[in-house]
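Chemist: I would like the entire structure built from these sequences, with the hints used as guidance.
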Amino acid sequence: GDSVTQMEGPVTLSEEAFLTINCTYTATGYPSLFWYVQYPGEGLQLLLKATKADDKGSNKGFEATYRKETTSFHLEKGSVQVSDSAVYFCALSGFTGNQFYFGTGTSLTVIP
Amino acid sequence: DAGITQSPRHKVTETGTPVTLRCHQTENHRYMYWYRQDPGHGLRLIHYSYGVKDTDKGEVSDGYSVSRSKTEDFLLTLESATSSQTSVYFCAIRGTSGTRITGELFFGEGSRLTVL
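Chain order of the listed sequences is A and B. Residue numbers in the first sequence follow my numbering, run continuously in steps of one, and reach 112 at the last position. Residue numbers in the second sequence follow my numbering, run continuously in steps of one, and reach 116 at the last position.
Calculated from the structure, these hints are not laboratory results. We put the CB at the ideal spot given by N, CA and C, even for glycine. Any given hint could turn out to be false.
[Unchecked claim] With the Cβ distance kept under 10 Å, some of the chain A side facing chain B (calculated, not the full set):
{"hint": "1", "residue": "Val-4"}
{"hint": "2", "residue": "Phe-34"}
{"hint": "3", "residue": "Tyr-36"}
{"hint": "4", "residue": "Gln-38"}
{"hint": "5", "residue": "Glu-42"}
{"hint": "6", "residue": "Gln-45"}
{"hint": "7", "residue": "Phe-89"}
{"hint": "8", "residue": "Phe-100"}
{"hint": "9", "residue": "Phe-102"}
{"hint": "10", "residue": "Gly-103"}
{"hint": "11", "residue": "Gly-105"}
[To be verified] Cβ pair distances, simulated, as ranges:
{"hint": "12", "chain 1": "A", "residue 1": "Thr-28", "chain 2": "B", "residue 2": "Gly-51", "range": "22 to 28 Å"}
{"hint": "13", "chain 1": "A", "residue 1": "Ala-17", "chain 2": "B", "residue 2": "Thr-86", "range": "33 to 39 Å"}
{"hint": "14", "chain 1": "B", "residue 1": "His-10", "chain 2": "A", "residue 2": "Asp-54", "range": "40 to 46 Å"}
{"hint": "15", "chain 1": "A", "residue 1": "Lys-68", "chain 2": "B", "residue 2": "Glu-14", "range": "48 to 54 Å"}
{"hint": "16", "chain 1": "B", "residue 1": "Thr-17", "chain 2": "A", "residue 2": "Gly-41", "range": "21 to 27 Å"}
{"hint": "17", "chain 1": "B", "residue 1": "Thr-26", "chain 2": "A", "residue 2": "Gly-29", "range": "30 to 36 Å"}
{"hint": "18", "chain 1": "B", "residue 1": "Ser-83", "chain 2": "A", "residue 2": "Glu-16", "range": "39 to 45 Å"}
{"hint": "19", "chain 1": "B", "residue 1": "Ser-83", "chain 2": "A", "residue 2": "Pro-112", "range": "37 to 43 Å"}
{"hint": "20", "chain 1": "B", "residue 1": "Thr-17", "chain 2": "A", "residue 2": "Ala-17", "range": "44 to 50 Å"}
{"hint": "21", "chain 1": "B", "residue 1": "Ser-84", "chain 2": "A", "residue 2": "Gly-41", "range": "21 to 27 Å"}
{"hint": "22", "chain 1": "B", "residue 1": "Pro-39", "chain 2": "A", "residue 2": "Lys-68", "range": "28 to 34 Å"}
{"hint": "23", "chain 1": "B", "residue 1": "Asn-28", "chain 2": "A", "residue 2": "Gly-41", "range": "26 to 32 Å"}
{"hint": "24", "chain 1": "B", "residue 1": "Thr-77", "chain 2": "A", "residue 2": "Ala-17", "range": "44 to 50 Å"}
{"hint": "25", "chain 1": "A", "residue 1": "Gly-61", "chain 2": "B", "residue 2": "Asp-56", "range": "37 to 43 Å"}
Modeler: Given below as structure tokens:
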């Protein structure tokens, strides 16, 4: 069945460092891919998405490219800030459309 | 803002008592979901609804029931709460663009349930 595997955390970076959080997926057909962010005490917020191969989603300096050949959707940011400290979830919406599959989340802490 | 309100936001109850969590949405979305979030497990789908009185089970539905008697409300009930149901529960709706259902989910703020 469909599934998402994402990089284990926690990740701790210094401010202005480069961020990569790895995400790979298994799916039949052509899923849509998402990154969500969860700040402490809040619900998940959609960060970015990509709906077909080679699409690049971007938002707030974060980027991820839908790579069908490597079944990956890695999240990147060139220069992280303290305010980026949160838990990040990779997710996919399967071909059948009515189920979502989430990774287990990666906790990011950015220190000044 | 997808107009989702969950209540209660926090609840402490005892084993064996019934608990109902409410999800209310204001934008007439057809698809609604209940997830639970636990450390090490990410989010797991409990039940979802694709219309009034139309619901289906997710991967962790045992011990939970749902009802949707009107479009705006999706209720999650624990008939007899157990300590293993201590969790944070999130309601979500499926995004739409006009009449088209889009891919993303939008989440409520969560309901933290503690079963003693």
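Chemist: If a hint holds in the structure, say so; if it doesn't, say that too.
Modeler: Evaluated hints:
no. : hint                               : result
1   : Val-4                              : holds (9 Å)
2   : Phe-34                             : holds (6 Å)
3   : Tyr-36                             : holds (8 Å)
4   : Gln-38                             : holds (9 Å)
5   : Glu-42                             : holds (6 Å)
6   : Gln-45                             : holds (7 Å)
7   : Phe-89                             : holds (6 Å)
8   : Phe-100                            : holds (6 Å)
9   : Phe-102                            : holds (4 Å)
10  : Gly-103                            : holds (6 Å)
11  : Gly-105                            : holds (5 Å)
12  : Thr-28(A) / Gly-51(B): 22 to 28 Å  : holds (26 Å)
13  : Ala-17(A) / Thr-86(B): 33 to 39 Å  : holds (36 Å)
14  : His-10(B) / Asp-54(A): 40 to 46 Å  : holds (44 Å)
15  : Lys-68(A) / Glu-14(B): 48 to 54 Å  : holds (50 Å)
16  : Thr-17(B) / Gly-41(A): 21 to 27 Å  : holds (25 Å)
17  : Thr-26(B) / Gly-29(A): 30 to 36 Å  : holds (33 Å)
18  : Ser-83(B) / Glu-16(A): 39 to 45 Å  : holds (44 Å)
19  : Ser-83(B) / Pro-112(A): 37 to 43 Å : holds (39 Å)
20  : Thr-17(B) / Ala-17(A): 44 to 50 Å  : holds (48 Å)
21  : Ser-84(B) / Gly-41(A): 21 to 27 Å  : holds (23 Å)
22  : Pro-39(B) / Lys-68(A): 28 to 34 Å  : holds (32 Å)
23  : Asn-28(B) / Gly-41(A): 26 to 32 Å  : holds (28 Å)
24  : Thr-77(B) / Ala-17(A): 44 to 50 Å  : holds (46 Å)
25  : Gly-61(A) / Asp-56(B): 37 to 43 Å  : holds (38 Å)
Of the numbered hints listed earlier, not one is contradicted by the structure.
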